[in-house]
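There are 2 protein chains.
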Amino acid sequence: MIFDKKSICAALIAASVPLFSTGELSAQEPPPLAIKDFGSFHIGGRVVEIAGKPVKEVALTPHGAPAVIDPNGRYQVEQMYVQHFTPADERGRVPLLMWHGGGLTGVTWETTPDGRPGWLQDFLRRGWKVYNSDAVERGRSGWASPDIFKGDPVFLTVANPFERFRIGEGPGAWNDDPSKRRVHAGSLFPMKGYENFTRQVVPRWTTTDEAILNAYRELVDKVCPCVLVFHSQGGQFGFKVAQEKPDKIKALVAVEPASVGYLGQEAKLKNIPVLMVFGDYIEVDPRWKRMRETAGRFGDAISAAGGNVDIYDLPKRGISGNSHMMMMDSNSSQISGMVDAWLATKQLKR
Amino acid sequence: MIFDKKSICAALIAASVPLFSTGELSAQEPPPLAIKDFGSFHIGGRVVEIAGKPVKEVALTPHGAPAVIDPNGRYQVEQMYVQHFTPADERGRVPLLMWHGGGLTGVTWETTPDGRPGWLQDFLRRGWKVYNSDAVERGRSGWASPDIFKGDPVFLTVANPFERFRIGEGPGAWNDDPSKRRVHAGSLFPMKGYENFTRQVVPRWTTTDEAILNAYRELVDKVCPCVLVFHSQGGQFGFKVAQEKPDKIKALVAVEPASVGYLGQEAKLKNIPVLMVFGDYIEVDPRWKRMRETAGRFGDAISAAGGNVDIYDLPKRGISGNSHMMMMDSNSSQISGMVDAWLATKQLKR
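Residue numbers (the working numbering), protein chains in the order written: chain S, 14 to 363; chain C, 14 to 363.
Rather than coming from a laboratory, the hints here were simulated on the basis of the structure.
Keep in mind that a hint or two might mislead.
Straight line, CA to CA, 16 Å or less: simulated EDC-like cross-link-like pairs of lysine to aspartate or glutamate [what the hints assert, rightly or not]:
| no. | chain 1 | residue 1 | chain 2 | residue 2 |
| --- | --- | --- | --- | --- |
| 1 | S | Lys-69 | C | Asp-165 |
| 2 | C | Lys-283 | C | Glu-257 |
| 3 | S | Lys-163 | S | Asp-222 |
| 4 | S | Lys-66 | C | Asp-165 |
| 5 | S | Lys-49 | C | Asp-313 |
| 6 | C | Lys-69 | S | Asp-165 |
| 7 | C | Lys-49 | S | Asp-50 |
| 8 | C | Lys-49 | S | Glu-42 |
| 9 | C | Lys-235 | C | Asp-260 |
| 10 | C | Lys-66 | S | Asp-165 |
| 11 | S | Lys-49 | C | Glu-42 |
Can you make the complete structure from the sequences, with help from the hints?
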C-alpha cells in the first residue's frame with residue numbers, strides 16, 4: 014500500500030499550523046496540498062508544408078547510428094503548452110488561466126526566483142483550478158524554423174529586465190558589479206534571486222502575436238468559462254480574447270498590462286469585472302507612465318460603456334516598492350491575496 | 014477558511030476507490046494526491062559577453078511604447094529548467110530525476126498524448142519525489158542566439174517520429190492520409206494522440222551536448238543522491254554523469270538509451286544497479302538493432318567489471334507492442350510499475 018490515506022490525514026489534522034483565510038497565506042510551513050488532478054496538454058497550432066530543401070544525415074548522439082533528416086515535409090507549428098492543477102478543495106467557481114508576459118514563460122507564476130511559492134501555488138492553495146501556459150513560441154510550446162516565423166527573435170541581456178522592469182532606476186542603472194547597480198529605493202524585488210530570474214528569460218519573436226492569440230482563443234474555447242490573469246505583453250491577448258468571447262470570461266485581472274485590447278470595442282467588456290494592478294516607480298519612468306495612461310484610458314472607456322473597472326495603483330493603497338514583476342516581489346502573496354479577495358467580491362468563489 | 018483539512022480527509026477516507034499497491038496503479042479515478050511541495054528552479058549555465066552589434070528600437074506590443082534593444086552586453090545562457098514535486102507520503106529513499114530524450118522536453122513524462130497520467134504522475138503516486146527537467150536549449154530552459162550555439166537546430170517533421178520511434182514500420186511508413194499509414198502490427202502507441210505528440214516536439218541543436226551535461230552535473234550536485242531515469246538521447250547523459258559522480262547515483266534506469274557512457278570506464282558503474290528497458294520491433298529496425306547492441310555491450314562491460322545490470326527486453330517478458338515512447342504507450346503504467354518494482358528490489362523504497 015503506497016498511498017496511506019489515513020496516515021496522511023492523521024498528519025494533516027494533527028498539524029499545528031494555522032489554516033489559511035481568504036486573502037492571506039500562512040508564512041509558516043504550509044500543510045500538504047491535496048491535488049485532485051494535474052497534468053498538461055498542447056493545444057492549437059497548424060500543420061505547414063516545406064518543400065525543396067536538401068536531405069541531411071545527422072548523428073544525433075555520439076556513437077549513435079546516423080539518422081536521416083529530411084527537412085521537407087509537414088510540420089506542426091504554433092501549438093501552445095498548458096499545465097493544469099486541480100485542488101481537491103476547489104473553491105473557485107471557474108478555473109483561473111495565467112498568461113505570462115513577453116520574453117518569459119509560465120515559469121513566471123511558479124516558484125519566485127528567490128525560492129518562495131509563486132502565484133500558481135498561491136491561487137491553487139486558495140482553491141483555484143489553475144491553467145498555466147507557455148505562449149506560442151516560448152518554453153514548452155516549442156518554436157518554428159525561419160521558414161515559418163518571420164524576422165529575428167529578440168534575446169534579452171541580463172541588464173535589460175533590470176532597467177526595463179522598474180527593478181533598477183531605468184536605462185543606465187545596471188552595472189556588472191552588483192555593488193554599483195542602482196536599484197530603486199525601497200524596491201521589493203528579491204535581488205538575491207535576480208540571476209535566477211535572468212535564467213527564466215527566453216527568446217521571443219515580435220511577429221507572432223496572431224499565432225499566440227489563436228492558441229489562446231482555442232484554450233478559452235476548451236476550458237472556459239474562466240478568469241484570465243495576465244501580465245505585461247499578455248495585456249493585449251487577455252483583453253482581445255475577452256472582447257471576442259465575452260460570454261466565456263467571468264473576470265479579467267490585468268497585472269501591469271503593457272498593451273490593451275481592441276480600441277473602440279471597449280463596450281464588449283461591460284459585463285466583465287476588470288481589475289488592473291500597477292506597482293511603484295511608474296511616475297518616474299516615462300515608458301511605464303505612458304503604458305499606465307494607455308491602460309487608464311482603456312479602463313475609462315469600459316466604465317463609460319457601463320462596465321466595472323477597478324484599478325489598483327499599489328502606492329496609492331499604501332503598498333510601495335513593487336516592480337513590474339510583482340508576482341516575484343517579496344510581498345507577492347500579499348498581492349495575490351488582494352486579487353483573490355477582489356475575485357471573491359465578484360461572487361467567483363464558493 | 015479555504016483549506017479545510019478535516020473535510021478533505023473525510024472525503025479521502027470515505028472514498029471507495031481501492032488503494033494502490035506497489036507496481037500497480039488503479040485504473041479507476043484515483044484519490045486526491047497529497048503533495049508536500051512543488052515548484053521549479055533553473056540551474057547552471059554561464060554568462061557570456063556579446064559586443065560590436067548595432068542597437069535596435071523595437072515595439073514589443075501594438076500601441077506599446079518602443080523599447081530599446083541593445084544586443085550588446087552580457088547574456089545568461091545554457092541554464093536548465095527543473096520542476097519538482099514532493100509527495101506527502103514519500104516512500105522513495107532518494108529522489109528520482111527524469112531526463113527526456115532528443116527533440117523533446119520534460120513533457121515526455123507528463124500526461125500522455127491521449128490524456129492518461131504519465132510516468133511523472135505514476136512515480137509521484139508511488140511515493141517518489143520527482144525532479145523533471147527540460148534539457149539545456151529545450152522547453153523552459155530557453156535557448157541562445159547563433160552567436161552562442163553553433164550550427165542549425167534540427168526541426169522534426171510530423172512524419173519523422175512516426176518512422177524513427179518504431180510507431181510506424183520505418184522509413185516510408187508515414188502517409189499524410191491516416192488510413193494509409195503503416196503502423197507496426199500490435200503497436201501500443203496511442204495513435205489517436207499522435208498529433209498531440211507532434212505538438213510536444215521542439216527544435217534541438219546537435220552541438221550542445223557538453224552544455225547539457227554541465228547542467229545535469231550541477232543538478233546532481235544540488236539534489237542527489239538520487240535515481241536517474243533517462244530516455245533515448247538521455248542515455249549518454251545519464252551514464253556519463255553516473256560515471257563521473259558514482260557516489261551520488263543509487264540506480265540508473267535507461268529507457269531505450271540511444272547512446273551510452275564513456276567507453277572503457279564501465280567499472281565506475283559497478284556499484285550502481287542498472288536497469289535498461291527496450292520495447293518491441295527492434296529486430297526489424299536496423300538502426301534500433303545497432304543501438305540495442307551498443308547498449309548490450311556497455312551493459313556486459315559493466316557486468317564484467319562486477320556490476321549489476323538487468324536488461325528488460327519487453328517482448329522476451331511477454332509484453333509486445335511497445336514503441337520507443339513506451340512512457341506514452343497504452344501500457345505505460347504497467348512499465349512504470351515494473352521499474353518501480355525493480356527499484357524496490359534494490360532497497361530504494363521505504
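Go through the numbered hints given earlier and state which of them the structure violates, listing their numbers in rising order.
5
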